[in-house]
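Once you've looked at the hints, dock chain U against the given chain S.
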Amino acid sequence: MDRAIKSKGNNSLTQSIIFSIIILLMIAVAYNLKSIMLPAGIAYIFALILKPYINGMRTTDAKGKITYVVLLLGGLVLFTFPFANGVVSIADEWHKIEEYLPRLESYLQNKFSVLSADVEQRFNYKLDINPVDQAILYIQDNMKSLVVLLPNLVSTILEWGFLIPLFLFFMIKDGRNMTVLFLKIVPNKIVEKTYYLSHQFNTKFGDYIFAKFIEAGIVGIIITTGLLIMGFPFAFLLGVLAAITNILPYIGPILGYVPALILALVDQSSTSQLGAMTLLYVIANVIDLALVFPILVSRIVNLHPLIVVVSVILGSQLMGFAGMIISIPLAAFFKLLIIELYKEYFSNPEVN
Amino acid sequence: MSSYEREMKKKEEGDNFSETRINIPALKYFWQSSPLSGSREGSIHNFLRDLKLFDNFTDNELRVFSQFLHERNFEPGEVIFNNGDSGFGFYMIYNGLIELYAERFTKEEEESRASTFTACIAELGKYDYFGEIALMDNLNKRNASAVSKEHSTMFAIFRPDLEDMIEKHPKIAAKFYQSLSLVIVTRFKIVASDLKKMQKKMVEINGPSN
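Chains as they are written, first to last, in the working numbering: chain S, 1 to 352; chain U, 1 to 210.
Just so you know, the hints here were simulated from the structure itself, not pulled from any lab data. Any given hint might turn out to be false.
Listed next, the in silico DSS-like pairs over lysine-lysine satisfying Cα-Cα at most 30 Å (straight line) [to be verified]:
no., chain 1, residue 1, chain 2, residue 2
1, U, LYS171, S, LYS204
2, U, LYS126, S, LYS193
3, U, LYS141, S, LYS343
4, S, LYS193, U, LYS171
5, U, LYS175, S, LYS65
6, U, LYS171, S, LYS63
7, S, LYS343, U, LYS149
8, U, LYS126, S, LYS204
9, S, LYS65, U, LYS168
10, U, LYS175, S, LYS335
11, S, LYS184, U, LYS175
12, S, LYS193, U, LYS141
13, S, LYS63, U, LYS126
14, S, LYS184, U, LYS171
15, U, LYS196, S, LYS193
16, U, LYS141, S, LYS184
17, U, LYS168, S, LYS212
Chain S on its own, in the form it takes in the complex (with noise of 0.2 Å):
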């Protein structure tokens, strides 16, 4: 149906307060909503991604919407059963780190204990706390509440398996209409510069959240494949903790090294199985930073490193793990606001 011009009288002024009021009213909402903002959070990242495979099927003839159809279940079939295989082979590994916890722990009690005699033996001072003592009665604190948790966890997952798809659905759906009915309530004066930089902003974060699965996804299928070529235990749980932490840039791929360092050593694997190990850590990682990164992540964010650490460190600070994933979009967005807020006030306009 094609839309009518309703034309009306327009008060800029009080165009300026109801956006303002509008603008609040959807902060203390979203602030008030916790438990609805996380889940439509999620699925906004996830229509963000999904968005430029929608309007390509959108424009496609009836051959390519058959060519994207087949794709799609083609790569359904194909994922499924692997996808299914690992995540039963990550529970049976999860299972079976129970078995290994006391080794662990054994093993680290033994390495403190020499540690400690060395040190007092050198230099005549006895360690009074013992870190490993600390960190075991700290993993079995959490892993008590996560018990007394569990209950309301299941119902979180099952509320947001309901949730995202239905929020997924509209914002794919009414996304373009609710973007127009937002617009209307921009004043004139900054309505082409909040639509530009709100656009900037989603194409960035779509693009670079899904850049960074994509990238964490090949870090983890070549970790896990390594390892199981090379008969390394808990290698679909390596695979995936390795997939996890490259999400943080820098000291990802040490922390996703770390437990894979301590189970060689626990395991009192020999020296050339450690050194392969390591190689295949290093390699992944070099793939990473040398093909993938520069092809899919860098071309969207072109930030300094420095900025991103901070950045990083400033996210985890206040959202924690969910804030170390967004910090860097976020910055890359602030860069691009000051860039223009830059161009308004300072640059001169003569000389553009």
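Using the frame of chain S, we list chain U on its own:
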């Protein structure tokens, strides 16, 4: 004037009407007279049809294009954009009067809505459009100031809309860019001819430089 009327007028002006062919304008007339069709009086689609910019668009393409437009209302004296501002929008005037100036409005002038400029570059009314450079230029800088002289209603398309349109309806986006290019070429030709005239006059006043 609707597309049907336009086609009939063209035919009256001298085109031989072949009775053996399917009468598309007649079919179009029945389609447009349907209460569900997009050609109701006062629809954006109808307004776009009367813009020279969309001469090469079909009715369906106009219907799709109209979904990407934003209605913006301006008060008398309200500055739409200022020379040197970052700009991302192209405006088509539905009603009202817009004046373009080469100078930049100061903050005080913007707030008091009273400009001291007298040399207006252009006065634009219904069916005129402006701001096309913002959609094509990467610097996104406005090279003139626009002010609404009356209560004005305009339809704007912003750069993000065009980026969306390129993904969703590439053919329509390409047609729109083609039309914009023609507008810019026409304006460039006018500027070039004005420049030639000015150079000629200067030669007449000062004599040849050598």
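Verification of the hints:
1. Note on LYS171 (chain U) and LYS204 (chain S): the hinted pairing holds, with a Cα-Cα distance of about 25 Å set against a maximum of 30 Å.
2. For the hint pairing LYS126 (chain U) with LYS193 (chain S), the CA-to-CA distance comes to about 25 Å; that is within 30 Å, so the pair holds.
3. Distance check on the hinted pair: LYS141 (chain U) and LYS343 (chain S) sit about 10 Å apart at the alpha-carbon level, within 30 Å; holds.
4. For the suggested pair LYS193 (chain S) and LYS171 (chain U), the alpha carbons sit about 27 Å apart, so the restraint of at most 30 Å is met.
5. Simply put, LYS175 (chain U) and LYS65 (chain S) have alpha-carbon atoms about 23 Å apart, close enough for the 30 Å limit, and the pair holds.
6. Restraint check: the Cα-Cα separation between LYS171 (chain U) and LYS63 (chain S) comes to about 18 Å, which is no more than 30 Å; the hinted pair holds.
7. The straight-line distance between the Cα atoms of LYS343 (chain S) and LYS149 (chain U) is roughly 28 Å, inside the 30 Å bound, and the hint therefore holds.
8. With a C-alpha separation of about 38 Å, the suggested pairing of LYS126 (chain U) with LYS204 (chain S) is violated against the 30 Å cut-off.
9. For the given pair, LYS65 (chain S) sits about 14 Å from LYS168 (chain U) by alpha-carbon distance, which is consistent with the 30 Å threshold.
10. A hinted pair counts as satisfied when its Cα atoms are at most 30 Å apart, and LYS175 (chain U) with LYS335 (chain S) does not qualify at roughly 34 Å.
11. The suggested pairing of LYS184 (chain S) with LYS175 (chain U) holds, with an alpha-carbon distance near 27 Å, which does not exceed 30 Å.
12. Between the alpha carbons of LYS193 (chain S) and LYS141 (chain U) the distance comes to roughly 12 Å, so the proposed pair stays at or under 30 Å and holds.
13. A hinted pair counts as satisfied when its Cα atoms are at most 30 Å apart, and LYS63 (chain S) with LYS126 (chain U) does not qualify at roughly 43 Å.
14. A threshold of 30 Å between alpha carbons decides the hint, and for LYS184 (chain S) with LYS171 (chain U) the separation of about 27 Å falls inside it, so the pair holds.
15. This hinted pair does not check out: LYS196 (chain U) and LYS193 (chain S) have alpha carbons roughly 37 Å apart, beyond 30 Å.
16. Under the criterion of a C-alpha separation no larger than 30 Å, the hint pairing LYS141 (chain U) with LYS184 (chain S) is consistent with the structure, at around 24 Å.
17. The straight-line distance between the Cα atoms of LYS168 (chain U) and LYS212 (chain S) is roughly 25 Å, inside the 30 Å bound, and the hint therefore holds.
The structure fails to meet hints 8, 10, 13, 15 from the earlier list, while all remaining hints are met.
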